Amino acid sequence: MKAARRLAEWLGVREAEVGMVLLSFGGAFLVMSFLVLARALREAAYLDLFDASTLPYVMGGVVALSFPAAGAFSKALDLVNPRRAMRALSLLLAVAVAAIWPFLTGSSVGVVVFYLVTAVGTVLLTSGFWLVVSEMLVVREAKRLFGLISAGGTLGVLVTGLAVGATVEHVEPSLLVPVLVFLLLASAALNEFVPRDRMSLNPTGPTPPWTESVVLIARDDHVRTLTLVVLLVAALGTIVDFQFKEAAQNALGGERELAAFFGAFYGWTGGFALLVQLFLTTRIMTRGGVTMSIVILPMLILVLSVGMLVAPGLVMATGLRGTDSTLKKSLFRSVVEFLWVPVRTDVRRRTKAFVDTMAENAGDGLGALIVLLIVTLGGMPSRYLSPIVMLLCLALLVLARRMGREYFTTLRARLAEGLTGDTLAALRPARDARGPRTLSRLDVTRLLSSVERGGAYRSDGPGAAATGGEASEAHGDEVWTMLPALDDDDLRRRLDDPAFVEAANAGSLALLLARDGLRDLAARRLAGLGESAGPELAAIVADEEADFVVRRRVAQVLAFIPGEAALDGLLTGLAANRFEVRYRAARALVQGRKGGESLLPEAKDVIWDAIRQELSRGRAVWELARLLDPKEHDELAGGRAAERGELSLEHVFRLLSLVLDRDAIRAAWRGITGDHGELGSLALEYLEQVLPEDVREKLWPFIGDLSVAESRRALRPLKNVIDELLVTGTTLFRGDDRDRLQDYLRPSEDDEYE
Numbered sequence: 001m002k003a004a005r006r007l008a009e010w011l012g013v014r015e016a017e018v019g020m021v022l023l024s025f026g027g028a029f030l031v032m033s034f035l036v037l038a039r040a041l042r043e044a045a046y047l048d049l050f051d052a053s054t055l056p057y058v059m060g061g062v063v064a065l066s067f068p069a070a071g072a073f074s075k076a077l078d079l080v081n082p083r084r085a086m087r088a089l090s091l092l093l094a095v096a097v098a099a100i101w102p103f104l105t106g107s108s109v110g111v112v113v114f115y116l117v118t119a120v121g122t123v124l125l126t127s128g129f130w131l132v133v134s135e136m137l138v139v140r141e142a143k144r145l146f147g148l149i150s151a152g153g154t155l156g157v158l159v160t161g162l163a164v165g166a167t168v169e170h171v172e173p174s175l176l177v178p179v180l181v182f183l184l185l186a187s188a189a190l191n192e193f194v195p196r197d198r199m200s201l202n203p204t205g206p207t208p209p210w211t212e213s214v215v216l217i218a219r220d221d222h223v224r225t226l227t228l229v230v231l232l233v234a235a236l237g238t239i240v241d242f243q244f245k246e247a248a249q250n251a252l253g254g255e256r257e258l259a260a261f262f263g264a265f266y267g268w269t270g271g272f273a274l275l276v277q278l279f280l281t282t283r284i285m286t287r288g289g290v291t292m293s294i295v296i297l298p299m300l301i302l303v304l305s306v307g308m309l310v311a312p313g314l315v316m317a318t319g320l321r322g323t324d325s326t327l328k329k330s331l332f333r334s335v336v337e338f339l340w341v342p343v344r345t346d347v348r349r350r351t352k353a354f355v356d357t358m359a360e361n362a363g364d365g366l367g368a369l370i371v372l373l374i375v376t377l378g379g380m381p382s383r384y385l386s387p388i389v390m391l392l393c394l395a396l397l398v399l400a401r402r403m404g405r406e407y408f409t410t411l412r413a414r415l416a417e418g419l420t421g422d423t424l425a426a427l428r429p430a431r432d433a434r435g436p437r438t439l440s441r442l443d444v445t446r447l448l449s450s451v452e453r454g455g456a457y458r459s460d461g462p463g464a465a466a467t468g469g470e471a472s473e474a475h476g477d478e479v480w481t482m483l484p485a486l487d488d489d490d491l492r493r494r495l496d497d498p499a500f501v502e503a504a505n506a507g508s509l510a511l512l513l514a515r516d517g518l519r520d521l522a523a524r525r526l527a528g529l530g531e532s533a534g535p536e537l538a539a540i541v542a543d544e545e546a547d548f549v550v551r552r553r554v555a556q557v558l559a560f561i562p563g564e565a566a567l568d569g570l571l572t573g574l575a576a577n578r579f580e581v582r583y584r585a586a587r588a589l590v591q592g593r594k595g596g597e598s599l600l601p602e603a604k605d606v607i608w609d610a611i612r613q614e615l616s617r618g619r620a621v622w623e624l625a626r627l628l629d630p631k632e633h634d635e636l637a638g639g640r641a642a643e644r645g646e647l648s649l650e651h652v653f654r655l656l657s658l659v660l661d662r663d664a665i666r667a668a669w670r671g672i673t674g675d676h677g678e679l680g681s682l683a684l685e686y687l688e689q690v691l692p693e694d695v696r697e698k699l700w701p702f703i704g705d706l707s708v709a710e711s712r713r714a715l716r717p718l719k720n721v722i723d724e725l726l727v728t729g730t731t732l733f734r735g736d737d738r739d740r741l742q743d744y745l746r747p748s749e750d751d752e753y754e
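The sequence shown begins at 1 in our numbering and counts up by one.
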């Protein structure tokens, strides 16, 4: 068990995901085993009876059959969920293959029908499998686990390919058809174990015609770009595959030799693909992003096609096709299936089967047409297909960059749905897909309540004790020194006197903010002074020695005062020693942007510096953040700050809303702090796309998405945490408290921070 846990940690699988990953891994193994065996059998049988130059005709038949097949499958997905649709498809294919088997040997019609049924069925089976998996996982899970799940399929390619290569040397290839039936029946049985609660609700309303799927593909920029990427890669593969098969037929000859060679080829490329899946795919997808993950395939094909043009032959053709096959089975397959996850469930169900069949087979058809025109009808050597391949690779490089932009746009749109509560909440049960978070790992405030100091800490807690101390400090002699003869009623009358409320008196008037009975009226009068009061009030916010109560309330007033002086004061307040001043300054800046005005680059630089500074303060300091004035409702966080440390996190997200898309950050905050797993996953993925790397690395431990191993590495010795607390200057640690806290914790200073 310990070894299994370590393996799961190394693979990035969390405890709650193990069963789901094993199920998906097994399903991928069965589907790809069927694909390899069916392809090896149909290609060997076809090439034994027909010349390779006729392949474009049978591939054209596959394309023609794909449209009605995809339409029927999409229609089924409007009636039942993907799990049940996959079960029906597997059983139907098993019956069809079993019925064709007696007519396969020696019958050209039987061979062609077998080719068409298995080719179309394989595309639908693969599409349906990934549709089930994409509905089981949210975006962040998919990004971490798709490489591992695809490795199950790659392992199926490896095992089945090698087995075919060894078996056909001793038995007739047609005798392996019952194995295809077994794989289909096993796939149908495995679908019964897919968790029901992981499947989204079935679409409601009348079943749309199949033409609606085509319209959705044309209208949705994300799906349309993905369709073009899949189409061009399929066309590349078809052309490269033709060059490979022609070279193999010329060099090898008979059915048995071809079947053995193809089986071994698919097996070895499966082995290389498995290595790519286990060691490279997840790293490339997480660090390189969508664009880089797509670019690698056309770049390598482009380089190798130059070699094929210069020095054609079986070795070069095998290397070219091997590279294409290896990356398509591993990295490219993973990134394409991952790109479906953020697409809305209703759109995904109505378009994915069409894209997988239409784009895949249309790409095959385009490649076959190019082969037909240049080789079959044009009579030119297949090496002259390589310039076409190179042009297609260049087009793919352009599309890869566009796909990266569309992916980000889709993330942004899905977050917007989450902000309004539209669509997302109705589709999937809530679940936490983020993994362990490191907020609230040490309850500092509860620890302090048990420390005795002359008398125990007060029952109302450190925050309340601090409030009392600071309030008495604020209600000291400063106000009465200025106006010793005036009580609150007298001051209210004076605040209604325009001669008393002047910009020259702004600094003195600000002291009235410390008196709870006068705070609101004084704030309104100060705000009414407009831009002229800005310099005086900004100076108070910047003054670390100023009365804390006045200072934090002045920051709120500055939200309603225009001008550069007020803005500069609030930006300065973001670097204040006291948390509440920083918090109020950030709120004031957000309120000042409600009109839509943007900040200058210089101001944004200051805010990014403030974000980095907040994230550098550490988890223990975050847990001590308190608001001594009541927390007002606002559009970012409402009235909540439920977890210890969440107030600090809210402050960081508010700062992020000043320098990034405000609505997207609001939706991300809702996803991070809420209980909806899908929205939280979208939020994490969006933040990973937009945050600078250093900010992302510091923020991630506070918001989750850490593996068990990463969380363990994030632990620090308790002594370091306490040392950090003792140098913060926080209200909770004054006088004897520092020494007493150190004495209390000294016996445990070697413990970890948990």
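Rather than coming from a laboratory, the hints here were simulated on the basis of the structure.
Being a predicted model, the structure only gives us computed values, none of them experimental.
Check the hints yourself; a few may be wrong.
[As the list claims (entries may be wrong)] Straight line, CA to CA, 20 Å or less: simulated EDC-like cross-link-like pairs of lysine to aspartate or glutamate:
{"hint": "1", "residue 1": "Lys604", "residue 2": "Glu545"}
{"hint": "2", "residue 1": "Lys604", "residue 2": "Glu646"}
{"hint": "3", "residue 1": "Lys698", "residue 2": "Glu688"}
{"hint": "4", "residue 1": "Lys328", "residue 2": "Asp346"}
{"hint": "5", "residue 1": "Lys604", "residue 2": "Glu406"}
{"hint": "6", "residue 1": "Lys245", "residue 2": "Asp51"}
{"hint": "7", "residue 1": "Lys698", "residue 2": "Glu564"}
{"hint": "8", "residue 1": "Lys604", "residue 2": "Glu502"}
{"hint": "9", "residue 1": "Lys75", "residue 2": "Glu257"}
{"hint": "10", "residue 1": "Lys245", "residue 2": "Glu564"}
[Unchecked claim] For each label pair, taking beta carbons as the anchor points, the in silico distance ranges come out as:
{"hint": "11", "residue 1": "Leu627", "residue 2": "Arg524", "range": "18 to 26 Å"}
{"hint": "12", "residue 1": "Leu49", "residue 2": "Gln689", "range": "37 to 45 Å"}
{"hint": "13", "residue 1": "Ser108", "residue 2": "Ala413", "range": "45 to 53 Å"}
Backbone N, C-alpha and C define an ideal beta-carbon position, used for all residues, glycine too.
20 Å Cα cutoff - pair Lys604, Glu545: Measuring from Cα to Cα gives roughly 27 Å; hence the hint is violated.
Cβ distance range 18 to 26 Å for Leu627 and Arg524, holds or violated: holds (21 Å)
Proposed proximity, Asp51 with Lys245 (alpha carbon, max 20 Å): holds (11 Å)
Do the beta carbons of Leu49 and Gln689 sit within 37 to 45 Å of each other? Since the Cβ atoms of Leu49 and Gln689 sit about 52 Å apart, the hinted range of 37 to 45 Å is violated.
Holds or violated: the 45 to 53 Å window for the beta-carbon distance between Ser108 and Ala413? holds (51 Å)
Mind checking the alpha carbons of Lys245 and Glu564 for me, to see if they're no more than 20 Å apart? Roughly 72 Å separates the two Cα atoms, so the pair is violated.
Hinted pair Lys604 and Glu406, Cα distance within 20 Å: With Cα atoms ~26 Å apart, Lys604 and Glu406 exceed 20 Å; violated.
Between Lys698 and Glu688, does the CA-CA distance stay at or below 20 Å? The hint holds at about 12 Å.
Would you check the hint for Lys604 and Glu502, treating anything up to 20 Å between C-alpha atoms as holding? Violated - the C-alpha atoms of Glu502 and Lys604 are around 32 Å apart, more than 20 Å.
Taking only the CA atoms, is the gap from Lys604 to Glu646 under or equal to 20 Å? Not satisfied, since the Cα-Cα distance of roughly 23 Å exceeds 20 Å.
Hinted pair, alpha-carbon criterion (20 Å max): Lys328, Asp346. Please report holds or violated. violated (27 Å)
Given the hint that Lys75 pairs with Glu257, does the C-alpha gap stay at or below 20 Å? violated (42 Å)
In summary, the structure is inconsistent with hints 1, 2, 4, 5, 7, 8, 9, 10 and 12 from the numbered list given earlier, while agreeing with the others.
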